[in-house]
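Student: Heads up: the sequence lines are chains A and B, in that order. Residue numbers for the first sequence follow the working numbering, so the first one is 1 and each next one is one higher. Residue numbers for the second sequence follow the working numbering, so the first one is 1 and each next one is one higher.
No lab work stands behind these hints: they were computed from the structure. Predicted model only: the values in this text are computed from it and were never measured. Among these hints, one or two may not hold up.
No distinction is drawn between identical chains; accordingly, a pair holds when it is met within one copy or between any pair of copies.
Lysine-lysine pairs mimicking PhoX-like chemistry, simulated, CA-CA at most 25 Å apart [claimed, not checked]:
| # | residue 1 | residue 2 |
| --- | --- | --- |
| 1 | Lys115 | Lys98 |
| 2 | Lys64 | Lys79 |
| 3 | Lys429 | Lys100 |
| 4 | Lys379 | Lys319 |
| 5 | Lys325 | Lys98 |
| 6 | Lys357 | Lys152 |
| 7 | Lys357 | Lys325 |
| 8 | Lys340 | Lys392 |
| 9 | Lys413 | Lys340 |
| 10 | Lys269 | Lys319 |
| 11 | Lys98 | Lys319 |
| 12 | Lys340 | Lys490 |
There are 2 protein chains.
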Amino acid sequence: MPYLRTWRTSRPPRQTVSPSESHVSRPCISKLVSDRYSDVIVLSEMISYYDISGCYILRPWSYKIWELIQEWFNVQIRKLDVENAYFPLFVSQDRLEKEKDHVEGFAPEVAWVTKSGEDDLAAPIAIRPTSETIMYPAFSDWIRSHRDLPLKLNQWSNVVRWEFKDPTPFLRTREFLWQEGHTAHASFDDANVMVRKALDLYRRVYEELLAIPVVPGYKTEKEKFAGGHSTTTVEAYIPVSGRAIQGATSHHLGQNFGKMFDINYQDEKGETQTAWQTSWGLTTRTIGVMIMVHGDDTGLVLPPRVAPLQCVIVPITSKSCPIEKLAPYCGSILESLQEKDIRVKLDDRLIYNPGWKYAHWEQKGVPIRIEVGPRDLEKRGARLVVRFGGEKVDVGVDGLADAVAAKLDEVQKGMFENAVKFRNDHLVKVTEWKDFVPNLELHNLVLTPWCGGEHQDWEEWVKDKSREESLANAGLEGEADTTATSVAAKTLCIPFDQPDLPEGTKCIASGMPATCWVMWGRSY
Amino acid sequence: MPYLRTWRTSRPPRQTVSPSESHVSRPCISKLVSDRYSDVIVLSEMISYYDISGCYILRPWSYKIWELIQEWFNVQIRKLDVENAYFPLFVSQDRLEKEKDHVEGFAPEVAWVTKSGEDDLAAPIAIRPTSETIMYPAFSDWIRSHRDLPLKLNQWSNVVRWEFKDPTPFLRTREFLWQEGHTAHASFDDANVMVRKALDLYRRVYEELLAIPVVPGYKTEKEKFAGGHSTTTVEAYIPVSGRAIQGATSHHLGQNFGKMFDINYQDEKGETQTAWQTSWGLTTRTIGVMIMVHGDDTGLVLPPRVAPLQCVIVPITSKSCPIEKLAPYCGSILESLQEKDIRVKLDDRLIYNPGWKYAHWEQKGVPIRIEVGPRDLEKRGARLVVRFGGEKVDVGVDGLADAVAAKLDEVQKGMFENAVKFRNDHLVKVTEWKDFVPNLELHNLVLTPWCGGEHQDWEEWVKDKSREESLANAGLEGEADTTATSVAAKTLCIPFDQPDLPEGTKCIASGMPATCWVMWGRSY
């Protein structure tokens, strides 16, 4: 059994620690986690590896989760009058390079098409790393008057970012699937409302569908979107690796792109104005975060709302009780669940025995298994076995569908509460530098007073300093490779929800007066 | 008004003509049709042009049609136990070139990525023109035993074929959206059943959703999929251009790819066998065909089942009847239609007058307009104006939603019957070569006796000969450019539904004994 390796490391209770108590050597854990992650996603049939680095095959078991997220998201954005569209995969060099900060942010990762068949193209053509420069010239054509605003479009597509960091399925891939919303508005404030509404949908995807708590907030200047005015983000925490991860971002683009691409309109007074814009994206990374947060030693644990199958019925057949005897009864249970729109499958395959099926569906994370044996048939009942927590309940067949529906809701809620508890246990406030690294190592998420978004140098200082101290703690002074870099602390966000900041509080890095609290962590 | 140019040319009744009666000069009509097509797709807000040749922007008005097709198709394939998945955009040169006939078919159109950022890649990487070579190595990993068969996957994605023929939005584009189904089976016959089921779904997309009749049949050897065993197709007819168009294809791949990619399994006796495979694809071309078949002088005419809006409510406001007076009544009509799941919009914008709105929604092809003026309010009714055929009916508000639903069904049926009639009027049987070109020119679709699929040379002969005669008829002898090529006749398919073939019937080209009827036309 490959499942016996430790997947979820046990964690101490929440408390602030002083330097001497710190002793966790992160790099070793990371390797274990990443091996285990690979096992889980392959064995659960979510991912197959592919012969081009950074590209992976999304098998039906993961792709269906993406479809369920899409379905929910489409309903929500329709309520915001956002319409779906599709723009080209390719962008010319001229266009891509029009917004200077933007291209600087993406240029090193752009994949270029230079040939078709045997022939060189007249000019190289980029594959979209994101679609601002593809969409906005069209926005410029479509928008003439204030009557044409707001313009709200969304696109589901693949994008390519040819990164050289270690690729990880779902979390960091060279091609990934996402939605990108792009809107144009008549005022800064209208755009801002859109930015926050989109971000709130992302929060809901994580919290309501994936059962993962997130911290919504602003990115610092250093971490914001290339070419934008400001970036908002939802940040999640992954207990098993002790790392934070950016869940999704929603950008206020200000008028930067509007000016570059001439997205102008006549206002009510007939005067020419430049539109205010937003862009916001959610990727298949969501699935990876979900796997990491909820997975256990046996494999996947899927939140019911995004489980491709919420329930699997396994007939307990034997020599004395062949499938023919159980089939009609199992069939009637199947139907009663389908009538309640529960995603359910009857696994009546003869080539596998019940034990094999239990292990199979547990590994794939199906929230509820319904066992139906001869005794259940006799007693007109069935046994529910819950993947999250392992509860077993015998239920009568009459109320079965309702009981399953209620249990699925309960599991969804329980998984979220559990994840909230874990996250909260790993988030501490620290106000002095000497306590920073020890708490980062033990608790992983650290909230500190901060002197403000403009002071990028101090952000870099924390990064360097935290890396140095961490490596020293682990006895790895002087290391400079990727593993070493990954122990540095990064700002995750300036949470919208700010704790009190007493007058006179000092920034943890600069010692200057603090203007806000900022959240730090080691990040993917 | 740009709409006054002739869009649908009037057609003579069905009859076989002799050479002297032929007089249609196709190239000129094509230019007119293509200009008109561009106007319609831009003015109806389906397409915006883009600065890379062969790439277009699918605006919400066309993309929604694609989503409606997707939704229907997903439901159908689920019934066939086909699951959705997602495979990478990229394929290495080695893999792409593994099946020789296949790569020969696609190589000239392949787009190659050779750089990332400023750096050259170690080896060029192709963008998928289709995904056989991307998927099948994974099939080889997943398939071990007869228990793993059948394997049935589908993917919704973009593909790239860098063609140099004249690009046309929807119909011939360098990037397009499609679904590609890929399956593996234990026998030739199982694969064959899958091929035909997929093709029947394509027939239903055209006939039931898009209201376009198609002829299902086999492609000839010359026209079949590169690397496959045989190709089936649904062929549509476009009255306005007099051309046929391949609607979608479903391929029996035999064991060709299975052998190349080692897709082997142990059968029940423990012997190693090679899987039999299929692949089948439907593209955004569907939307272009729909526009061409149903469009009229005013713009789009959308079949209700794929119309993004099936119905638009236009309040007839005036000085004496401001919107406030009509709003509650219009709102209640809106709700009653929404309750019946009719896709409806209330166009209560104040900045446009009713006349502008009529023209706007007609151009966009909305099936039914509901006009609500002060007299309708008084009489508790509304006026339905039907886009297809122009009928106007006054209906009482009580049965309005039912009346609209019934009218939408009627329109869907009427559009299909109309298209069937048009197609049938342009399909004739011809048994002697001298009648071939005249009937091709007048009727466009010609069914002839044929000596069989293997005789590729005779197919080429008909192509050359028909081009020569057509150009001579049009006074364009010796022309060899693209326009001239496009007047040649091509085999469309060998229809499944074969007319009687009396003993002794001769092939129209070779004079050898005929083995079947084949359908010819000028094709996109």
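Student: Is it within, between, both, or neither for Lys98 and Lys319, if the alpha carbons may be no more than 25 Å apart?
Tutor: Answer is neither; intra-copy 73 Å and inter-copy 49 Å both fail.
Student: For the identical chains here, do Lys340 and Lys490 meet the 25 Å Cα criterion within one copy, between copies, both, or neither?
Tutor: neither (46 Å within a copy, 53 Å between copies)
Student: With identical chains treated as interchangeable, where does the CA-CA distance between Lys379 and Lys319 reach 25 Å or less: within a copy, between copies, both, or neither?
Tutor: within (20 Å within a copy, 74 Å between copies)
Student: At most 25 Å between CA atoms: does that hold for Lys269 and Lys319 within a copy, between copies, both, or neither?
Tutor: between (85 Å within a copy, 24 Å between copies)
Student: Taking 25 Å as the upper bound on the Cα-Cα distance, should Lys325 and Lys98 be classified as within, between, both, or neither?
Tutor: neither (70 Å within a copy, 50 Å between copies)
Student: Are the CA atoms of Lys340 and Lys392 at most 25 Å apart within a copy, between copies, both, or neither?
Tutor: within (22 Å within a copy, 42 Å between copies)
Student: Within, between, both or neither: how does the pair Lys429, Lys100 come out at a Cα-Cα threshold of 25 Å?
Tutor: neither (38 Å within a copy, 64 Å between copies)
Student: Within, between, both or neither: how does the pair Lys115, Lys98 come out at a Cα-Cα threshold of 25 Å?
Tutor: both (23 Å within a copy, 20 Å between copies)
Student: Is it within, between, both, or neither for Lys413 and Lys340, if the alpha carbons may be no more than 25 Å apart?
Tutor: within (19 Å within a copy, 34 Å between copies)
Student: Up to 25 Å between alpha-carbons, please classify Lys64 paired with Lys79: within, between, both or neither.
Tutor: both (23 Å within a copy, 16 Å between copies)
Student: Under a CA distance limit of 25 Å, which applies to Lys357 and Lys325: within one copy, between copies, both, or neither?
Tutor: Classified as within: same-chain Cα gap 19 Å, cross-chain 65 Å, threshold 25 Å.
Student: Could you place Lys357 and Lys152 in one of the four classes (within, between, both, neither) given a Cα distance threshold of 25 Å?
Tutor: Answer is between: at 21 Å across copies they meet the 25 Å cutoff, but 47 Å inside does not.
Of the numbered hints given earlier, the model fails hints 3, 5, 11, 12; all others are met.
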